[in-house]
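Based on the hints, put chains A, X and E in the right spot on chain U.
Protein chains: 4
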Amino acid sequence: MNFRGRTNRLLNSPETRSGRVFALTIQSLILLSLVTFSIGTLPDLSVTETKTLRWIEIITVLIFTAEYILRIAVSDKPLKFVFSFYGIIDLAAILPFYIASGFDLRVVRSFRLLRLIRILKLVKYNKAIKRFHKALVIAKEELILFGFVSTILLYLSAVGIYYFENKAQPEIFKSVFHSLWWAVTTLTTVGYGDMYPVTSGGKFFTFFVLMIGLGIIAIPTGLVASALSEARNGNELDELEADY
Amino acid sequence: MNFRGRTNRLLNSPETRSGRVFALTIQSLILLSLVTFSIGTLPDLSVTETKTLRWIEIITVLIFTAEYILRIAVSDKPLKFVFSFYGIIDLAAILPFYIASGFDLRVVRSFRLLRLIRILKLVKYNKAIKRFHKALVIAKEELILFGFVSTILLYLSAVGIYYFENKAQPEIFKSVFHSLWWAVTTLTTVGYGDMYPVTSGGKFFTFFVLMIGLGIIAIPTGLVASALSEARNGNELDELEADY
Amino acid sequence: MNFRGRTNRLLNSPETRSGRVFALTIQSLILLSLVTFSIGTLPDLSVTETKTLRWIEIITVLIFTAEYILRIAVSDKPLKFVFSFYGIIDLAAILPFYIASGFDLRVVRSFRLLRLIRILKLVKYNKAIKRFHKALVIAKEELILFGFVSTILLYLSAVGIYYFENKAQPEIFKSVFHSLWWAVTTLTTVGYGDMYPVTSGGKFFTFFVLMIGLGIIAIPTGLVASALSEARNGNELDELEADY
Amino acid sequence: MNFRGRTNRLLNSPETRSGRVFALTIQSLILLSLVTFSIGTLPDLSVTETKTLRWIEIITVLIFTAEYILRIAVSDKPLKFVFSFYGIIDLAAILPFYIASGFDLRVVRSFRLLRLIRILKLVKYNKAIKRFHKALVIAKEELILFGFVSTILLYLSAVGIYYFENKAQPEIFKSVFHSLWWAVTTLTTVGYGDMYPVTSGGKFFTFFVLMIGLGIIAIPTGLVASALSEARNGNELDELEADY
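Chains as they are written, first to last, in the working numbering: chain U, 1 to 244; chain A, 1 to 244; chain X, 1 to 244; chain E, 1 to 244.
Derived from the structure by calculation, the hints contain no laboratory data. Certain hints may be false.
For chains that are exact copies, the list does not tell them apart, and a pair is met inside one copy or across any two.
Claimed, not checked - Lysine-lysine pairs mimicking DSS-like chemistry, simulated, CA-CA at most 25 Å apart:
(1) 167 - 51
(2) 130 - 80
(3) 51 - 174
(4) 130 - 140
(5) 140 - 51
(6) 167 - 130
(7) 51 - 134
(8) 77 - 174
Here the structure is a predicted model, which means the values were calculated and not measured.
Next up, chain U with everything else stripped away, as it sits in the complex (with noise of 0.2 Å):
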């Protein structure tokens, strides 16, 4: 085997012992550069702090850039991988850190967001998502209207608190928009407790709405979970066929 054939099997070959140890060094380096970025983000940090993390930020994204130029070395089509959803991503990764230095700092720090998309490589190396994709293959229509009632709900139930609020409340239940957000926080059960409903009317809507609507939004993580143990059992199926 040539240079570029080792070279294609290291980069994209995870089952192979280098391969293996070189995807787990990239991923390795991905989990440092979002650990290194979180630090970047607490204040007071010292100086030398910040030339560490910047050192660091620059010796990763060399490594990047080095295996970005290899997978395109490497590939029978050049330019299928670069328009390719991962590889639109490792260039995505890198690219901020290039474009920032000739650019005001505070545009870099919300630049320098776009750098966790390189969580996203972490996924490439991952196999056992087809199934979850599978599942969602199978609940897609469902999960579609769900998200479409769940909406509705939500808009309605905004509306409603809004007529029944406003007036006790005009500051905290400004519009229908604010109102939006109660809905969704009381929905979802998350309950905050920066908003809600103090008349009589508004207590019993809200009462209501809820009694109705948990199981609306509910629903849909109890439909994927039984496509997920569907797709377990047409997988144990299908390798039960594959080994006739």
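Positioned in the frame of chain U, the structure of chains A, X and E alone reads:
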């Protein structure tokens, strides 16, 4: 096909090309109408903004009115349509606009809420809801039973917490009715934090109620989810049988 | 049929016309009695309102007493009825009223709570509960296990958070018992917001506990839901077999 | 049977009469020990109370020590028991007491936490846990995948909300780490109310994250529940087969 037949197909057959375009246009107008209604509730709107919103409202209502009249005109049994579920909704969606013109402005604001029923027109075009309906039929008896048990549980929880907390927090747990609000927000796990027990007895009672109650309240969701997968499998069976 | 037989049918056969009317009347009176009890807990009632509530109470209790005496009179084994579950409940529903007359008024208020047991009389007429009972029998072992595991988990969470937060918030996380209240409101995801960790250690511990605990606490619900659908399918089977 | 055999049966055979009495006694002592530990954390205990608690602790630890020594004495392979899971737990439950005597008092308080491991001794006698273990094995792969996806989701949510809210609430959403706490309390729907978005962007982002995230976080529960019913049915099958 004559004018009446073609109009009928346009209005009622979203599976044809022209019917689909028409249905999508009406749906977009409903969405636009809902968004403008929501924006209209925002405080501190300028005169220009209020005017624009008013114009959008007038135009959409006129289109909905034209649609309503057409539906009556091309229907074989006009009276049957007028008194059908969607006939009443279609009328309810446009009527407040015309009634409002002759009333006091503040009354109009509350009447505008009825405009939201327009959202149900969206449902009209959605076939997928039938499967959800089937699931509700399957789980009907259990849903009624658990609705009943949940109501009893909420009431008993309210009385219990009133008994424990009324003396310690007379201003918050004022009566059984006020305690019912606590029972609703606690057993649905929303937990706004506007009412919570402070006595040891009340806290122990809450623990006890939650251990029993969480299951009771959450079971209907699981029932509907399993009924939905039953309905889906039943559908697949029906389709398989239809193939033979 | 003699008087005794007819009265017996009236009291115990809700499937006949007269029995149904009687059962519905008693149920309505129970509901009325619960509503008036709840209204009676409202502060600032006028003298007229208090009087009206008192009269409604006297009348409903007299009717319940008449029903109780009739049930003893027409029963084949009066003593068996008196000491049966429903016999005791029926007595408990009327007894506080008569005992209260001779006692201090404040004691009466707390004794009135017992009147709520009347709600269990509603249960008497409800057959559908049997299926729920069957589901509980199916999932019994798992429910006990998870009840046990949940209790251990709540205790360990309380000790853990006490360890992390006691120094930082000695007034809020006072002892393991106070921390137990935090564990209950957190693991049930109620989250009132009266107690929450502020230290990094406490927050990380909460994250850890939630990741493990949410599943543990929520599993019994899923178990009962699946047991209920098993019970339903079993019922259908029983009915099918009964047809042959 | 000689002394060693009889002691062995007493210690390890809860299915015999004497073994059951012994196991129940030990379990009661563990519970007593946990209750006294909890009471010991209460502030403002009198000298008499502290003394009583100390005496109960001394007596229970002495009994546990005697049990530990007996277990070593009657074991066929003493070293194997000492280094087994339960051997280490049994030692860990009594060791802090002896170590504490020679240390500073404050250190003792934190060491006492280890005493809680005694609760795991309860597990020792519980067979039912095996079925739960079986369910975990069935759903293992999915649980790892969802644990992984949940972690990614929590991190991305934290970064997103930091991006939206840091400028508006720099003191609350201080860094990505502080935002992680928000992500945990929100996606588990605990919602204490100590941190919540106030900007429109942050609220919309929360809505978006909740719609996707609730399902992801809740799916493992559904998976374990369905795996448990699989494990139960499998067990019944095993028992049926064992009958033949």
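Exercise for the section: Run the structure past the numbered hints and jot down the numbers of the failing ones, going up. Expected result: 5, 6, 7, 8
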